Every structure is written in C-alpha cells, then in structure tokens.
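Got two chains here, separate frames each, mind docking them using the hints?
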Amino acid sequence: ETGVTQTPRHLVMGMTNKKSLKCEQHLGHNAMYWYKQSAKKPLELMFVYSLEERVENNSVPSRFSPECPNSSHLFLHLHTLQPEDSALYLCASSPHRDHSYEQYFGPGTRLTVT
Amino acid sequence: QQQVKQSPQSLIVQKGGIPIINCAYENTAFDYFPWYQQFPGKGPALLIAIRPDVSEKKEGRFTISFNKSAKQFSLHIMDSQPGDSATYFCAASNTGAGSYQLTFGKGTKLSVIP
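Protein chains in written order, with our numbering: chain F, 504 to 617; chain B, 72 to 185.
It is worth saying that the hints were derived from the structure and are not from the lab. Every value quoted in this text rests on a predicted model; they were computed, and no experiment measured them. There could be a bad hint or two in this list.
As the list claims (entries may be wrong) - Output of the computed footprint for chain F on chain B, the stretches with three or more beta carbons under 8 Å from beta carbons of chain F: (1) 112 to 123; (2) 152 to 166; (3) 173 to 180.
As the list claims (entries may be wrong) - The list that follows gives simulated cross-link-like pairs (lysine-lysine, DSS-like), each with its CA atoms no further than 27 Å apart: (4) 544/F with 76/B; (5) 544/F with 113/B; (6) 86/B with 543/F.
Backbone N, C-alpha and C fix where the C-beta goes; we use that ideal spot for every residue, glycine too.
Just chain B, same shape as in the assembly (with noise of 0.2 Å):
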C-alpha cells in the first residue's frame, strides 16, 4: 500500500513536445504529491508539488494534474527543451501522520531531442 507507481521508464520526446509522466498510488492517506527532477551527478531538487484538494497546479513550464477519484497524477512539461533532459521522480507523503517518509516511484528518464 506503500507503493508508488511511475510511468513511462524512459520518455524521448522532440523540443517543443509536451512529456507526461504519470504516477499512480493505493494509500489513500497520502496527502502531498511532490515531484522530484535529477540530473546527471546530482541529487535529486524538489520541482513542484500538490496537495489533492487540487485539481492542477502549474508552475512555469510544469504542470501536475491530480486525480484523486483514480488515484494518479501527473506531470506535464509544456514546450520542452533540451534543457529538461533528466530523471523525474514521482513521490508521495501522509504528512497529517508526522510521518517523515516521502514514497517515491522508481523514476523516469526523459530525453529532449533538439
């Protein structure tokens, strides 16, 4: 019930698409969706969040759409350049719990073709 579920494995997509990765979850007790972004020989840097009584939250380029009925939400990159190339993780947090634990998917690797 822990588990958070993260698709595709790898993206390619040309600059100027619009990559979508999504994530899926069981607990319903997680109340805050964050996404991590990880280049090459870093670590990873906390790139937007949501809380579920939301349905869409957009920062720059950066979209997450939730789906609390379904259980899933997703990140949009709008106009994408080569720039975003890196690995996305997905993550999940029942912060009402105290909990200190963020559950993370197993992360997507998105390339942006020139």
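The shape of chain F in the complex, shown without the other chains (with noise of 0.2 Å):
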C-alpha cells in the first residue's frame, strides 16, 4: 500500500445528499491533493493544500468544499450534485508542494450521482 488511505471505497448519493469523503496520509508529508479521475480524461486537479493551508483550488464548482485541519487528514464534502459529478476521486501526498511530481496516491472513492 502506499500509505495513503481514502474512506469511503464506494460512495452512492442522491443530488440532495450531503456526504464528505475522507483522506489520511500516513507518511509525513506536507501537501494534500484532491483530484477528479473521469473515463478518458485527464486527471482533473481539484485542491491542493500545502501545510494545511489551501494554495490551489481549480476553478472547482462550490459544491465541492474541502478541509484541510491537519497536515495528515484531507476531506472533501459535497452537496447538491449532479450526475456528471459522478466519478473516481483519488487523494494524493507528497512531501512539501516543491515536490509535486512525487505524488502518492490513495485507492480512490468511486463517487455516484443518482
């Protein structure tokens, strides 16, 4: 495993829900991504949060809102999506925000829309 964990696996939500997917890094890094992964596209970066501090938010609608409170646990809530919202959701860590390219991802939540 790669030392990053994402709770829940499997996630099934009405567009009226309010859920949150929850990420915990066990490898003392310093910066937290939240990105989007959707059938034959590109990974969509999200978030990013450097020392618990958000330096990044991708022009991610507001239905999406992330929270950052330790350097160790990253959450994604959301509320009132939409179906095209469906998609996997992988967290990611890597040591500080200068090291980017060294990015360790977690398994994913596979998000659906109903």
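In structure tokens, the structure reads:
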C-alpha cells in the first residue's frame, strides 16, 4: 500500500444529499491533493493544500468544499451534486508542494450521483 | 500549452512483447516527466521518471526514452507480462517554478495476453 487511505471506497448519493470523503496519509508529507478521475479524461486537479493552507483551487464548483484540519487529514465535503460529478475521486500526498511530482495516491472513492 | 497528449488509448500485446506508449507536450518549461501505473481499484503509482537532461532512463523492464527537440517521450516495457496489464499515465511538471501541478495524459490501457 502507498500509505494513503481513503474512505469510503464507494459512495452512492442523491443530488440533494450531503456527504464527505476522507483521506489520511501516514507518510509524514506536508502537501495533499484532491483529483477527479473520469473515463477517457486526464486526471483533473481540484484542490491542493500545503501545510494545511489551501494553495490551489482549480475553478472547482462550490458544491465541492475541501477541508484540511492537519497535514495528515483531508476531507472533501459534497452537497447538491450533479450526475456529471460521478467519478473516481483520488487523494494524493507529496513531501511538500515543491515536490509535487512525487505524489502518492490513495485507492480513490468511486462516487455515483443518482 | 499545458496539455500532454498520450497515445494510443489502448494497447494489446502478447506476453514477451514490447509495448510502447507515447506522449507529447508543448510547454517547454516542463522539466520532469513521470509515468504512473494504475491497476483496477487502485490509485496511480509512480513507476519511473525522467528529466530532460538525459535521453533514456531504465528501471528494470521499464525504459523511458526522451526526445527534447521533438518534445516527446515514451515508455517501453521489455518482456511484458500479464501482470503489467494496467492503465499507464504520462505526466509533466515544471518544478523550477515551484509548481505543485502535474499535468497528466489521458492514459493508455495496456492488456498483455498470456
């Protein structure tokens, strides 16, 4: 395993629900990332946190709300999602933001929005 | 200019064959080119990476060839095995700018037939 865990692994939610995805890294890294992976599209970077401070928000809709309470934990809060938000959501970490190329990924959460 | 174009989208080879996956980029500021391997149900894992000051890097059965003038790089898998069946992603990063972004290709699904 990579040292990055994600829960839940699968999630089905309706468009009016509120849910949260959790990521935890056991590598002592200082930077954490959320990605969206859709079929036949490149991985899309959603958010980057460095030492618990958000440093990047790639124009992600406000229905996705990240939270980083400490350098080991990262959450993605979801509300009023759309069916097109169904995808694999991947969390990653790196030693620090200047070593973004050394990213270690978790197994992902498969999200289905009905 | 941030795109990384990857081909082919899918590839089927016999065991022992040498699959080749190609990537091309436009941004000449990119200076780090990793390849990630993703098995079903897992997140991407860093496989091998190269910087543009070398034309080739080999790690075990995996080799990256890099052509700086053509802005292209490729992954070769020698003596491919069924266990190599996975999706492979190329990526690129501009590490000098303190960037924390990896720009990914769309991925190549490799199937190695016994």
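Comparing the hints with the structure gives:
Residue count for the stretch 112 to 123 of chain B with a Cβ under 8 Å from a Cβ of chain F: 7. That meets the three needed, and the coverage hint holds. Coverage of a stretch by a chain is defined here by at least three residues with a beta carbon nearer than 8 Å to that chain's beta carbons; for the stretch 152 to 166 of chain B and chain F the count is 4, and the condition holds. With 6 residues carrying a beta carbon less than 8 Å from a beta carbon of chain F, the stretch 173 to 180 of chain B meets the three-residue requirement, and the given coverage holds. A distance of roughly 11 Å separates the Cα atoms of residue 544/F and residue 76/B; the hinted pair therefore holds under the 27 Å criterion.
Distance check on the hinted pair: residue 544/F and residue 113/B sit about 17 Å apart at the alpha-carbon level, within 27 Å; holds. Of the pairs offered as hints, the one joining residue 86/B and residue 543/F holds, with about 25 Å between alpha carbons and a cut-off of 27 Å not exceeded.
Checked against the numbered hints listed earlier, the structure breaks none of them; every hint is satisfied.
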